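*Asks:* Here the protein sequences line up with chains A and B, keeping their order. Letter 153 of the first sequence, counting from 1, is numbered 153 in my numbering, and no numbers are missing. Letter 48 of the second sequence, counting from 1, is numbered 48 in my numbering, and no numbers are missing.
Some clues are possibly wrong.
A pair counts as met if it fits within one copy or between any two copies, since identical chains are not told apart.
[What the hints assert, rightly or not] With a Cα cut of at most 27 Å, we get these calculated DSSO-like pairs of lysine-lysine:
hint	residue 1	residue 2
1	Lys150	Lys77
2	Lys77	Lys227
3	Lys289	Lys173
4	Lys289	Lys77
Quick caveat, the hints were computed from the structure, so don't treat them as lab data. Please read these numbers as outputs of a predicted model, since none were measured by experiment.
Listed below are the residues making up each chain.
Number of protein chains: 2
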Amino acid sequence: LELAIGIDIGGTSTKLALIDKTGHFHNTHSFPTGNKNQDTPYIDRLIDQIKPIITSFNGTAKNLLGIGIGAPSTNEKMGTIEYPANLPFDGILPIVKILTETFSLPTFLIKDASAALLGEYYFGKGRGKENFIMITLGTGLGCGIMVNGKILNGANGLAGELGHVPVHLSDRKCGCGKYGCLETYVSARGLVRTALDYMSKEIIDSPLRKLSFDTLDAKVIYEHAKKGDELAQKVFSITGKLLGQKIAELITLLEPSSIVLAGGLAEAGAILTDPVLATIDQFLLPMHKNLVQVTCSNLPVNHAALSGAASLTWVSSQSSISYTNHPTKII
Amino acid sequence: LELAIGIDIGGTSTKLALIDKTGHFHNTHSFPTGNKNQDTPYIDRLIDQIKPIITSFNGTAKNLLGIGIGAPSTNEKMGTIEYPANLPFDGILPIVKILTETFSLPTFLIKDASAALLGEYYFGKGRGKENFIMITLGTGLGCGIMVNGKILNGANGLAGELGHVPVHLSDRKCGCGKYGCLETYVSARGLVRTALDYMSKEIIDSPLRKLSFDTLDAKVIYEHAKKGDELAQKVFSITGKLLGQKIAELITLLEPSSIVLAGGLAEAGAILTDPVLATIDQFLLPMHKNLVQVTCSNLPVNHAALSGAASLTWVSSQSSISYTNHPTKII
Numbered sequence: 001l002e003l004a005i006g007i008d009i010g011g012t013s014t015k016l017a018l019i020d021k022t023g024h025f026h027n028t029h030s031f032p033t034g035n036k037n038q039d040t041p042y043i044d045r046l047i048d049q050i051k052p053i054i055t056s057f058n059g060t061a062k063n064l065l066g067i068g069i070g071a072p073s074t075n076e077k078m079g080t081i082e083y084p085a086n087l088p089f090d091g092i093l094p095i096v097k098i099l100t101e102t103f104s105l106p107t108f109l110i111k112d113a114s115a116a117l118l119g120e121y122y123f124g125k126g127r128g129k130e131n132f133i134m135i136t137l138g139t140g141l142g143c144g145i146m147v148n149g150k151i152l153n154g155a156n157g158l159a160g161e162l163g164h165v166p167v168h169l170s171d172r173k174c175g176c177g178k179y180g181c182l183e184t185y186v187s188a189r190g191l192v193r194t195a196l197d198y199m200s201k202e203i204i205d206s207p208l209r210k211l212s213f214d215t216l217d218a219k220v221i222y223e224h225a226k227k228g229d230e231l232a233q234k235v236f237s238i239t240g241k242l243l244g245q246k247i248a249e250l251i252t253l254l255e256p257s258s259i260v261l262a263g264g265l266a267e268a269g270a271i272l273t274d275p276v277l278a279t280i281d282q283f284l285l286p287m288h289k290n291l292v293q294v295t296c297s298n299l300p301v302n303h304a305a306l307s308g309a310a311s312l313t314w315v316s317s318q319s320s321i322s323y324t325n326h327p328t329k330i331i
Numbered sequence: 001l002e003l004a005i006g007i008d009i010g011g012t013s014t015k016l017a018l019i020d021k022t023g024h025f026h027n028t029h030s031f032p033t034g035n036k037n038q039d040t041p042y043i044d045r046l047i048d049q050i051k052p053i054i055t056s057f058n059g060t061a062k063n064l065l066g067i068g069i070g071a072p073s074t075n076e077k078m079g080t081i082e083y084p085a086n087l088p089f090d091g092i093l094p095i096v097k098i099l100t101e102t103f104s105l106p107t108f109l110i111k112d113a114s115a116a117l118l119g120e121y122y123f124g125k126g127r128g129k130e131n132f133i134m135i136t137l138g139t140g141l142g143c144g145i146m147v148n149g150k151i152l153n154g155a156n157g158l159a160g161e162l163g164h165v166p167v168h169l170s171d172r173k174c175g176c177g178k179y180g181c182l183e184t185y186v187s188a189r190g191l192v193r194t195a196l197d198y199m200s201k202e203i204i205d206s207p208l209r210k211l212s213f214d215t216l217d218a219k220v221i222y223e224h225a226k227k228g229d230e231l232a233q234k235v236f237s238i239t240g241k242l243l244g245q246k247i248a249e250l251i252t253l254l255e256p257s258s259i260v261l262a263g264g265l266a267e268a269g270a271i272l273t274d275p276v277l278a279t280i281d282q283f284l285l286p287m288h289k290n291l292v293q294v295t296c297s298n299l300p301v302n303h304a305a306l307s308g309a310a311s312l313t314w315v316s317s318q319s320s321i322s323y324t325n326h327p328t329k330i331i
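Turn these sequences into a full structure, and let the hints steer you where they fit.
*Replies:* Below is the structure:
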């Protein structure tokens, strides 16, 4: 049995899993990514978590192919994580070099959105699709684009910032400093902002009016929408409509064979996708109508990123870096 | 000397040229594409134009590599032009099969926007750029996208319709049936529409007010703008601003290394590009600022499409079809 370690480094937690080439998960655990004030640096805490996984291979017939990492702020060419905004270290972490030297295993690094895209491509709704787009709706809005069977990285690895394309002229401020970015509307946080905005403009009564901005979250809004609350439903329909408009633009420009929605917000299912689907057609050229599948991912949350990262160890052509390609050794 | 015949089929005229692998033009001529009422069908008139070119090779040491065609409404996989809106024939024309059988030469077909993209890629501002976008501003707005050194065609060859992405909520009707499409603003015709709209809203005097919609064209507006007419300049600045906003979206999403503007309207130069460049930065993420080159093509008008079409005969990997790949024979 051949297995790879997939690692998904996020701001809140770091997930690790042992995954085989069919995308089956054999083992998975996570630890808090933590903060800068901890005694043990992040990279040492990560190494401590990887060690027992590797040791577990001793004396078995299983073969460890290597380590694949998905992370934010990556420089894939250099195998480094650089000046991350939400990770507990500063400057440049040469993570591929460090893990390669520590474990003598082929180690690969790819940006988090691309890891999720590869997971969908090999094991999810993107399987067999050479041209598809994945939109991840979590705290923010992430996007991965596959073109001709290769990840669209852009000239400097900075492509795919769909979350920061403007919705329309809007005075809603984004964390990036601009106004009206798509993720200020279409994301878990965006849903809460739209709820507040809608409450301020309309007079429909709703239990949501008893909740503060800080206690409101996407899940609460979803649960009220499901129970029939008109205001909560309207918030989803506004959000879905804006997402539908942008998806229509993506289809007009890139004509993928499908668009896969993933992340926490996509778990809302039809409450979100109904207004998305109802909107798309209005904004498409006749030749693009009913051509592109828009669906929600059927992979468990995080599995796309973990299996996509792991897949780099057996399909290294998708990674722009293979820091080492010496044969797999288990230490 | 190795040469190829490049053909650019347009609604008004069909251009033919003999081009070598360095992109040098040895011979070029054109004939009116004509209409459906002509006695001789279009394909026969085209064959009559190709014949003397091929005959001219007799008794020379020159080698004819084949024929490359750029056309609208192509089905590249089948080598056919299908139900064209602006060409003088109906239904499906199996142009690759007919020309291959007539001349026993390798013949390739690609859509017009892709031919122009390849011309820029091999001989123009896209040279050496694996990720770049070409925007052609003519009667309408065309777009070609290169990703990882391959043309982005979309899942069914229907990608690149940047002209039909909405600018913003607008009541300006497009030929496609939708409202507010980018090409209703950013194109030669769009410029005229914006001039009328602006005249209707503002009270600035201008010689343009003496001209009817039908006599106004992009060239007249350009000439008045160059002479300092405030209204004409304002029309270019509105147009450039809208184009700049969309280019910023393209950069945010696709991060090409450069964006090349071509076509008649791009010949306006700084009058158009100054407002484009001034607008882009406002809509970009900090990491994307000053990263992407936005320039006008330096190839003569039509040369990009002709040389791109011709290049298919020596770089057939960019074409999705090679109807025949038997060795070049001259008949």
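*Asks:* With reference to the structure, classify each hint as holding or not holding.
*Replies:* Verification of the supplied hints:
| no. | hint | verdict |
| --- | --- | --- |
| 1 | Lys150 with Lys77 | both (16 Å within a copy, 20 Å between copies) |
| 2 | Lys77 with Lys227 | neither (49 Å within a copy, 50 Å between copies) |
| 3 | Lys289 with Lys173 | between (33 Å within a copy, 19 Å between copies) |
| 4 | Lys289 with Lys77 | between (39 Å within a copy, 21 Å between copies) |
The structure does not agree with numbered hint 2 stated previously, though it agrees with all others.
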